[in-house]
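Visitor: Given chain A, work out where chains B and C should sit, using these hints.
Given next are the chains, with one letter for each unit.
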Amino acid sequence: MSATTPSKLESILAAGHFAVTSECGPPRSAEGTVVDEKARLVGPYVDVINVTDNQTAVVRMSSLASCIRIKQLGFEPVLQMTTRDRNRIGLQSDLLGAGAFGINNVLCLTGDHQRFGDHPNAANVFDLDSTQLIQTVRQMRDEGKLLSGYEMTVPPKMFIGAAENPFADPFEIRVLRLAKKVAAGAQFIQTQCIYNMEKFKLWMQQIVERGLHEKVSILAGITPMKSIGMARYMKAKVPGMDVPDEVIKRLQGVPKDKVAAEGINIAVEQIQELKECPGVRGFHVMAIEWEEKVPEIVERAGLYPRPKVD
Amino acid sequence: MTYPSNIRIVKVPCTGRVAIIHLMKAIEKGADGVFVAGCMEGDCHFQAGNLRAKKRVTYVRELLQSIGMEPDRVAMYNLSSGEGPRFAEISREMTDKIRQLGPNPVRAQGARKAEAA
Amino acid sequence: MIMAKPKPTEEIIREIKDFDNILVAGCNGCVAVCEAGGLKEVEILASALRMYFANQQKKIEIGEVSLTRQCDKEYLAELKDRIGAYDAVVSIACGAGVQFMAEMYSKMRVFPGVDTCFIGATEEKGVWTERCQACGTCILASTGGICPVARCSKRILNGPCGGSSNGKCEIDKEVPCGWQLIYERLKELGELKRFEEPTPAKDWSTSRDGGPRRLIKEVSQI
Chain A
1 MSATTPSKLE SILAAGHFAV TSECGPPRSA EGTVVDEKAR LVGPYVDVIN
51 VTDNQTAVVR MSSLASCIRI KQLGFEPVLQ MTTRDRNRIG LQSDLLGAGA
101 FGINNVLCLT GDHQRFGDHP NAANVFDLDS TQLIQTVRQM RDEGKLLSGY
151 EMTVPPKMFI GAAENPFADP FEIRVLRLAK KVAAGAQFIQ TQCIYNMEKF
201 KLWMQQIVER GLHEKVSILA GITPMKSIGM ARYMKAKVPG MDVPDEVIKR
251 LQGVPKDKVA AEGINIAVEQ IQELKECPGV RGFHVMAIEW EEKVPEIVER
301 AGLYPRPKVD
Chain B
1 MTYPSNIRIV KVPCTGRVAI IHLMKAIEKG ADGVFVAGCM EGDCHFQAGN
51 LRAKKRVTYV RELLQSIGME PDRVAMYNLS SGEGPRFAEI SREMTDKIRQ
101 LGPNPVRAQG ARKAEAA
Chain C
1 MIMAKPKPTE EIIREIKDFD NILVAGCNGC VAVCEAGGLK EVEILASALR
51 MYFANQQKKI EIGEVSLTRQ CDKEYLAELK DRIGAYDAVV SIACGAGVQF
101 MAEMYSKMRV FPGVDTCFIG ATEEKGVWTE RCQACGTCIL ASTGGICPVA
151 RCSKRILNGP CGGSSNGKCE IDKEVPCGWQ LIYERLKELG ELKRFEEPTP
201 AKDWSTSRDG GPRRLIKEVS QI
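Protein chains in written order, with the numbering used here: chain A, 1 to 310; chain B, 1 to 117; chain C, 1 to 222.
Just chain A, same shape as in the assembly (with noise of 0.2 Å):
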């Protein structure tokens, strides 16, 4: 498998390498150097940095912005883009700025309900899906082609990518919603953050069954545990979080001060296992609130430095 757009993620995958990606969360406010310190911490052990997108709908630095920061700083960025704030007009527009400034990787996403953020007046866009827009990113590259029809000049060279949860359910589906995906374009999968190791294998035995890991690299999520609180609110609040009474269980068994370490070691122990899972294709490491952890994990997994492709 040889890379098709400049992407550094495409290059790494069809190498055969692992690879390992991460997220940025940006700030609250108009100051770009939070995006700027995030990036130079976890930059150099990771392959490319995911910006979120007004997650959970809560008003943020726009991801676009904040993937230009990055990618001025010598970083790779993935643009994630979700369909809840911005039509097909508006979502085509930043992908034709994205490209503008060597942006490459796009994660395509419905987005969390506005319900849930800071604004939950506002009337909701949703013109598209997540699928759909990987169908629309694929049109602008594959065929140089707007929604309309119209040629672009010089369209936009995007290594797609997209979100999949195994843990929501029902559970059957979720490979068949894969499989949809990947059928519209979708060209790398960041999965929901890993706890339940049993049904994330179980999911991962049917998508290699159906042989869909060879057309698709998947990329296993894993969030450290800061605290046995984090723990419970994601089992409880969090919506298509699956987190297993034994994850608690295990933290709380060590002494207070050494709870966080213990969740990075459950980080550590789990990319060490998935390494052998098949269809397994890296990891995408989300330490929320806590970016400053990344680098010992990626280090203490065996996945630094990382590799260099052309």
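Rather than coming from a laboratory, the hints here were simulated on the basis of the structure.
Below are the BS3-like pairs computed for lysine-lysine, each with C-alpha atoms no more than 30 Å apart in a straight line: (1) Lys58/C to Lys29/B; (2) Lys173/C to Lys54/B; (3) Lys125/C to Lys25/B; (4) Lys54/B to Lys11/B.
Guide: For chains B and C alone, kept in the frame of chain A given last:
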């Protein structure tokens, strides 16, 4: 059995027959208070009529509150049909409550109109 | 049918308090079915308003009427002779009825007495749910008779999203995940193939997004 003479009884086969508008009209036309006396919960001869009545009483109480009238002017009571003394007791209790609230302000307005005429 | 719910009485009172002759006008169509604007509701609202103004020591006449429908001029015309006696109307018909009333009797102040909510159906007595978004291009044939535009909170056409849990939408435990319903129905009908093909972007121009809509049936025009 004696009960206060200020009670006007309207008989219905089941309190489920009592509609929201009946309660509203009673107060609108000048009654100082209205209570609905239904069978004990679980004992309704017609299954759940008294439960519907209870909901309607609650609805009217909220509506009265929204227009600035005392919700306590409308109330729901449950008793068994053989309990004469309990009926008298309820009547006295309701009468006392209404006396504390004072005359229906709608009726006071009506009286003023009659005086002015 | 069109589902509506009564406005808070305080809000209605605020709008009409300076008038002396009010007509409460109901509709025996959709709003009567969802118990928000039929004759019964006219009587209850009128009674409440009379009591309120009596307490305020304000002399006010509150008339009551309920029409077969307020969205047809023939029925609104029935008010022609009596409406002159009033200086304001509280229409507890749906938004279409209120507007038609206001248009037909354009010198009259017409106030809405209900909030019109959605196109839906009666699940059980007292419970109505949204079923149709009037998008103008019905896709029910491919979704087993369940509409994702109305029943998916994000109106996605390649669902479900990743946020559902226990078959319920991420926004509210009481709201079933529309796509889970569709999946189960398609499975029951043996039509899961429909589920596997990506659905391309929808043409929203036949929906509200395309602007106020108009339907003309020429053969029916006089």
